[in-house]
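**Student:** Going down the list, the sequences are from chains V, H and Y.
Just so you know, we're using my numbering here: the first sequence kicks off at 1 and counts up by one.
Just so you know, we're using my numbering here: the second sequence kicks off at 1 and counts up by one.
Just so you know, we're using my numbering here: the third sequence kicks off at 1 and counts up by one.
Please keep in mind that the hints were generated in silico from the structure rather than gathered at the bench.
Take the hints with a grain of salt, since some may be wrong.
Stated by the list, open to error - Taking lysine to aspartate or glutamate and the DMTMM-like style, the derived pairs with C-alpha atoms no more than 25 Å apart in a straight line are:
no. : chain 1 : residue 1 : chain 2 : residue 2
1   : V       : K487      : V       : D156
2   : Y       : K36       : Y       : D128
3   : V       : K301      : V       : D103
4   : Y       : K31       : V       : D77
5   : H       : K3        : Y       : E123
6   : H       : K3        : Y       : E125
7   : H       : K44       : Y       : E123
8   : Y       : K36       : V       : D302
9   : V       : K62       : H       : D235
10  : Y       : K132      : V       : D156
11  : Y       : K59       : H       : E43
12  : V       : K62       : V       : E3
13  : Y       : K80       : H       : E194
14  : Y       : K59       : H       : D273
15  : V       : K62       : H       : D48
16  : H       : K101      : H       : D235
17  : Y       : K132      : V       : E3
18  : H       : K196      : H       : D273
19  : V       : K62       : H       : D22
20  : V       : K62       : H       : E118
21  : Y       : K132      : V       : D77
22  : Y       : K113      : V       : D77
23  : Y       : K80       : H       : E118
24  : V       : K431      : V       : D302
25  : Y       : K31       : V       : D360
26  : Y       : K31       : Y       : E125
27  : H       : K2        : Y       : D83
28  : H       : K132      : H       : E118
29  : V       : K362      : V       : D77
30  : V       : K371      : V       : D302
31  : Y       : K113      : V       : E3
32  : V       : K431      : V       : D495
33  : Y       : K113      : H       : D273
34  : H       : K3        : Y       : D3
None of these values were measured; they are calculated from a predicted model.
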Amino acid sequence: MSEQLPAFIIVAPLIGACLIFIAGFTRRGLCYPLAMVSMVVALGSSIGVLHQVLVDGPLIYKLGGWDPPWGIVYNVDALNALVLAVVAAVALVNLVASRQFIDAQPFYRIGAFYALYILAVTGLMGMVITGDVFNLYVLLEIASLTGYALVAMGDDRAPLSALNYVLVGTIGASFYLLGVGFLYAMTGSLNMVDIAQRLPGLYGSTAVFAAFVMIMVGIWFKAAFFPLHSWLPNAYTYAPPPSAGLLAPLMTKVMIYVMIRMMLTVFTPAYSFSFGLLNQVVVWLAVIAIVAGAIMALAAKDFKRLLAYIIVSEVGYMVGGAWLGNRLGMTGSMLHLVNDAAMTLCVFLAAAALSFRLKDTKLTSFQGLFKTMPFTMGALVIGGLSIIGVPPTCGFFSKWYLISAGIQAGAWGYIAALLFSSLVNLILFFKIFEIAYFEPFSAHGHGHDNGGHGQVSALAVREAPAQVVVPLVVTAIGLVVLGLYSKELVAGVIDLGLPLGLK
Amino acid sequence: MKKLALILVLLCWGFLAFAAADFPRLGDPNSPASTHLSPYFIEKAYEDTATPNIVTAVLADYRSYDTMFETTVVFAAGVACFLLLRFYHFSEPPSHLYRHKPSGTVIQVPRGYRLKGEHTELEPIDRDWAPKDPIVEVASRILIPFIQIFALYVVVHGHHSPGGGFQGGVILGASLVLLAISRDLRTAQATLGESKNSILSALGVLIYVGVGAVTLALGSNFLDYAALAGLMGVDQVIARNLGILFVEVGVAVAVMATMFLIYRNVASAGALDEGL
Amino acid sequence: MDDLLSKIAGGYNYIAYITIMMIGLYAVIAKRNLVKKIIGMSIFQTAIILFYISIGAKKGATIPILMHDHGPEAAEHAIKAADYINPLPHVLMLTAIVVAVATLGVALSLAVKVYQRYGTLEEPEIQDQINKS
């Protein structure tokens with residue numbers, strides 16, 4: 001049975017999503033339990049597969065029993081097993097936190113909402129596990145389509161932002177598809193490993209170069225890499241809390257993983273890093289992405305928008321790290337991918353918790369939150385420290401790897417950008433903490449009580465519901481645990497997944 | 001903005017045209033695409049699956065995992081349209097409209113009043129401007145059954161001729177849409193209610209995944225139809241052939257139901273009343 | 001240079017799809033009306049479908065459906081790969097067409113939702129309303 005485990009990762013959520021949609025019309029009470037069961041099965045089998053891969057080495061699962069390259073296969077190595085487990089874990093934690101919000105929707109939407117949520121997770125995990133470039137496109141579209149709908153469920157400008165996301169996202173996915181078509185025309189194959197074997201003879205071809213560029217640009221559209229990020233800030237600002245908590249940590253990170261996979265497995269490092277100029281251009285684009293993201297975050301007045309721009313900046317970290325062209329950079333990029341998924345989940349869950357008690361997420365309305373929502377703010381502090389990169393939290397370690405890689409590659413601009421953005425994050429989060437902790441909250445104080453500053457301590461604790469706060473606190477603790485075990489994570493998992501040829 | 005777009009598009013055109021110089025010529029029998037994977041499919045598909053239509057064999061067997069997600073994409077789009085647009089009216093509209101069938105006269109009944117007793121000659125309608133056209137109605141009433149029979153033929157004959165689950169499903173869905181256009185959404189609603197429609201679209205995907213789940217339960221890889229051989233008492237080749245048929249039926253159900261689900265939600269902006 | 005030009009011109013099918021694709025891309029970027037943008041997106045996707053189908057073409061070959069398909073007789077006729085065109089691009093494009101339809105459906109429902117919210121589909125007018133509020 002254990003050799004069938006990889007199939008369950010995708011099949012369980014897929015069956016779950018169909019049953020949930022049916023349950024939405026017949027037995028609404030079953031929607032949430034079904035969603036939980038399918039996510040738990042997916043997480044369990046992902047961890048099982050990760051264990052198998054660590055013990056027995058990379059595995060191949062033939063769908064339909066057909067041998068590659070004719071059939072579609074799963075190629076699971078340490079890297080994608082790790083990403084699978086991260087995706088499943090993040091989706092599960094966020095699902096628990098989302099229940100409160102989704103069940104408050106009009107009754108006829110509940111089933112559809114859960115079904116789309118689970119379908120989105122299916123798409124994301126399918127993209128990570130598959131070993132076929134065209135299959136990846138289909139799953140990318142599932143993840144995107146469900147993502148568009150989930151984003152549009154927010155209020156105010158959400159539908160408009162989602163429509164913009166559809167247009168940009170479809171162009172991105174189509175560029176990817178076009179790149180795949182170029183590869184197919186040149187090699188006649190769709191299987192990643194098979195393409196990699198057939199490519200070396202074609203390295204000089206302009207069509208293969210165009211395929212490489214098209215695939216990368218397509219992925220960058222979806223990953224919101226700087227000049228192509230225009231869809232992200234609005235989409236994530238107006239998305240409802242469950243969607244933001246699912247998509248913000250996962251969508252961009254999974255796309256970064258897909259990029260790394262394309263560079264390592266399909267084109268192989270020998271080709272990916274053979275263009276000196278292209279590599280430098282991409283690293284400099286990453287530098288611009290980091291700096292621009294940081295500056296736009298400084299200008300943001302809304303908490304969620306600020307977080308969205310931090311994501312733009314973080315995408316720059318990972319793309320830059322991967323394109324430095326050395327093993328350390330790739331390691332740092334993968335580690336940061338895992339950490340950033342957890343950090344982003346933490347801060348977006350905090351935003352979700354805040355939205356239960358605040359009318360809006362404008363920074364100015366944060367006054368006195370340390371008193372009223374101690375757990376939420378405590379978790380936000382850990383999340384913030386991690387994004388800044390303060391030692392016991394995980395953000396520090398991946399940044400350390402990225403900076404060492406930058407030193408090794410001599411990319412001083414990249415290092416400067418990393419330091420600059422850390423500094424900006426420091427300013428951003430301490431500004432938030434200052435508003436929430438130190439600022440005398442006259443505006444709020446006048447509302448209730450007697451209006452005097454002495455009455456501050458009389459403010460009662462008004463935490464968000466436990467269903468939101470518990471996952472949030474668990475995530476915050478997870479950030480520290482990830483930090484403490486990051487050495488083991490790098491040596492025991494990530495290092496196994498990177499090709500030996502990459503120095 | 002427009003000039004910038006033009007420059008961008010021209011640059012992109014130049015880059016792609018430059019890359020195209022390396023491609024094999026149109027129809028070149030020795031191009032990599034025609035010499036690497038496709039000869040295996042062409043020569044072995046019949047041997048492996050007893051399906052003369054190679055496209056069907058590749059679609060629903062060699063690459064059936066892709067096709068499963070293709071169905072899922074449609075399903076996801078249906079769910080997305082439902083979630084985005086559907087809303088329920090909880091308050092009664094200001095007035096109800098009824099059409100007297102024999103004469104075509106429209107009666108307006110204000111809110112709070114009801115028609116007493118049974119009126120077989122009156123039918124509820126949503127808009128009085130929607131004309132009742134007997135020619136369109138009768139013509140489509142004759143056409144729809146034939147369209148549906150043709151759709152079923154396309155579904156089950158996909159092994160031997162162009163066709164299959166998607167094509168047949170789309171034709172089936174089109175017959176429902178034709179019903180909704182030629183009469184109104186209310187009539188189509190009576191034929192295929194909303195919850196039935198939605199359940200069918202999920203069921204189609206479930207049939208597909210279910211075939212895979214059965215093969216998993218029998219100890220083979222996911223979607224390896226050869227595993228069904230023992231269950232049905234046929235040899236592996238025929239089992240694959242039948243497996244293709246099962247999943248095609250699932251695809252047809254899912255696509256039919258989802259096409260109509262998308263149509264009804266988009267056409268009536270989620271209110272499921274008059275439509276268009 | 002002449003060599004390169006003749007090579008590019010030789011791939012006229014590629015030039016055709018690239019041109020169609022760029023028309024779509026231009027519409028997505030430059031048009032102000034949201035539905036026109038959606039149409040542009042659709043054109044863009046269709047161009048890629050054309051590209052794939054043109055990869056599958058093979059001179060002197062027919063559609064990939066075997067002609068002698070009655071039981072044991074079929075085995076006697078040797079099936080030659082050169083007689084049938086490449087089925088794989090057709091399979092892939094069936095999937096891509098379905099994906100394009102699904103995307104179009106979602107995009108249109110979003111357009112309906114935007115129209116419900118703002119009462120217009122012209123981007124500058126929507127932007128005006130957002131700036132005012």
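**Student:** A separate judgement is required for each hint: does it hold in the structure or not?
**Tutor:** Hint check:
1. With a C-alpha separation of about 44 Å, the suggested pairing of K487 of chain V with D156 of chain V is violated against the 25 Å cut-off.
2. With a CA separation close to 19 Å, the supplied pair K36 of chain Y and D128 of chain Y stays within the 25 Å bound.
3. A threshold of 25 Å between alpha carbons decides the hint, and for K301 of chain V with D103 of chain V the separation of about 30 Å lies outside it, so the pair is violated.
4. Pair hint K31 of chain Y plus D77 of chain V does not hold up; C-alpha atoms about 45 Å apart against a cutoff of 25 Å.
5. In summary, the hint linking K3 of chain H to E123 of chain Y is supported, as the alpha carbons are separated by about 18 Å, within the 25 Å threshold.
6. With a C-alpha separation of about 21 Å, the suggested pairing of K3 of chain H with E125 of chain Y holds against the 25 Å cut-off.
7. A C-alpha spacing of about 54 Å is found between K44 of chain H and E123 of chain Y, which places the hinted pair above 25 Å, so the restraint is violated.
8. A hinted pair counts as satisfied when its Cα atoms are at most 25 Å apart, and K36 of chain Y with D302 of chain V does not qualify at roughly 32 Å.
9. For the hint linking K62 of chain V to D235 of chain H, the alpha-carbon distance of about 21 Å falls within 25 Å, and the restraint holds.
10. Of the pairs offered as hints, the one joining K132 of chain Y and D156 of chain V holds, with about 14 Å between alpha carbons and a cut-off of 25 Å not exceeded.
11. Between K59 of chain Y and E43 of chain H, the direct Cα distance comes to roughly 18 Å. Compliance with the 25 Å bound is thereby established for this hinted pair.
12. For the hint linking K62 of chain V to E3 of chain V, the alpha-carbon distance of about 11 Å falls within 25 Å, and the restraint holds.
13. Distance hint between K80 of chain Y and E194 of chain H is unfulfilled; the C-alpha atoms sit about 49 Å from each other, more than 25 Å.
14. Of the pairs offered as hints, the one joining K59 of chain Y and D273 of chain H is violated, with about 52 Å between alpha carbons and a cut-off of 25 Å exceeded.
15. With a C-alpha separation of about 16 Å, the suggested pair K62 of chain V and D48 of chain H falls inside the 25 Å cut-off, and the hint holds.
16. Between K101 of chain H and D235 of chain H, the direct Cα distance comes to roughly 59 Å. Violation of the 25 Å bound is thereby established for this hinted pair.
17. As the CA atoms of K132 of chain Y and E3 of chain V are separated by approximately 60 Å, the hinted pair breaks the 25 Å bound.
18. Only pairs whose Cα atoms come within 25 Å are accepted, and K196 of chain H paired with D273 of chain H is accepted, the gap being roughly 17 Å.
19. With a CA separation close to 33 Å, the supplied pair K62 of chain V and D22 of chain H exceeds the 25 Å bound.
20. Proposed proximity of K62 of chain V and E118 of chain H is contradicted: the alpha carbons are some 62 Å apart, above 25 Å.
21. Distance restraint check for K132 of chain Y and D77 of chain V: the Cα-Cα separation of roughly 53 Å exceeds the 25 Å cut-off, and the hinted pair is therefore not satisfied.
22. The hinted pair formed by K113 of chain Y and D77 of chain V fails the criterion: a straight-line CA distance of about 43 Å is larger than 25 Å.
23. For the proposed pair K80 of chain Y and E118 of chain H, the alpha carbon gap of about 70 Å is over 25 Å, so the pair is violated.
24. A threshold of 25 Å between alpha carbons decides the hint, and for K431 of chain V with D302 of chain V the separation of about 13 Å falls inside it, so the pair holds.
25. This hinted pair does not check out: K31 of chain Y and D360 of chain V have alpha carbons roughly 33 Å apart, beyond 25 Å.
26. Taking the CA atoms of K31 of chain Y and E125 of chain Y, the gap is about 13 Å. The hint holds against a cut of 25 Å.
27. Simply put, K2 of chain H and D83 of chain Y have alpha-carbon atoms about 48 Å apart, too far for the 25 Å limit, and the pair is violated.
28. For the hint linking K132 of chain H to E118 of chain H, the alpha-carbon distance of about 22 Å falls within 25 Å, and the restraint holds.
29. Taking the CA atoms of K362 of chain V and D77 of chain V, the gap is about 43 Å. The hint is violated against a cut of 25 Å.
30. Under the criterion of a C-alpha separation no larger than 25 Å, the hint pairing K371 of chain V with D302 of chain V is consistent with the structure, at around 21 Å.
31. With a CA separation close to 46 Å, the supplied pair K113 of chain Y and E3 of chain V exceeds the 25 Å bound.
32. The hinted pair formed by K431 of chain V and D495 of chain V fails the criterion: a straight-line CA distance of about 38 Å is larger than 25 Å.
33. Distance check on the hinted pair: K113 of chain Y and D273 of chain H sit about 17 Å apart at the alpha-carbon level, within 25 Å; holds.
34. A distance of roughly 31 Å separates the Cα atoms of K3 of chain H and D3 of chain Y; the hinted pair therefore is violated under the 25 Å criterion.
Hints 1, 3, 4, 7, 8, 13, 14, 16, 17, 19, 20, 21, 22, 23, 25, 27, 29, 31, 32, 34, counting from the list given before, are not met by this structure.
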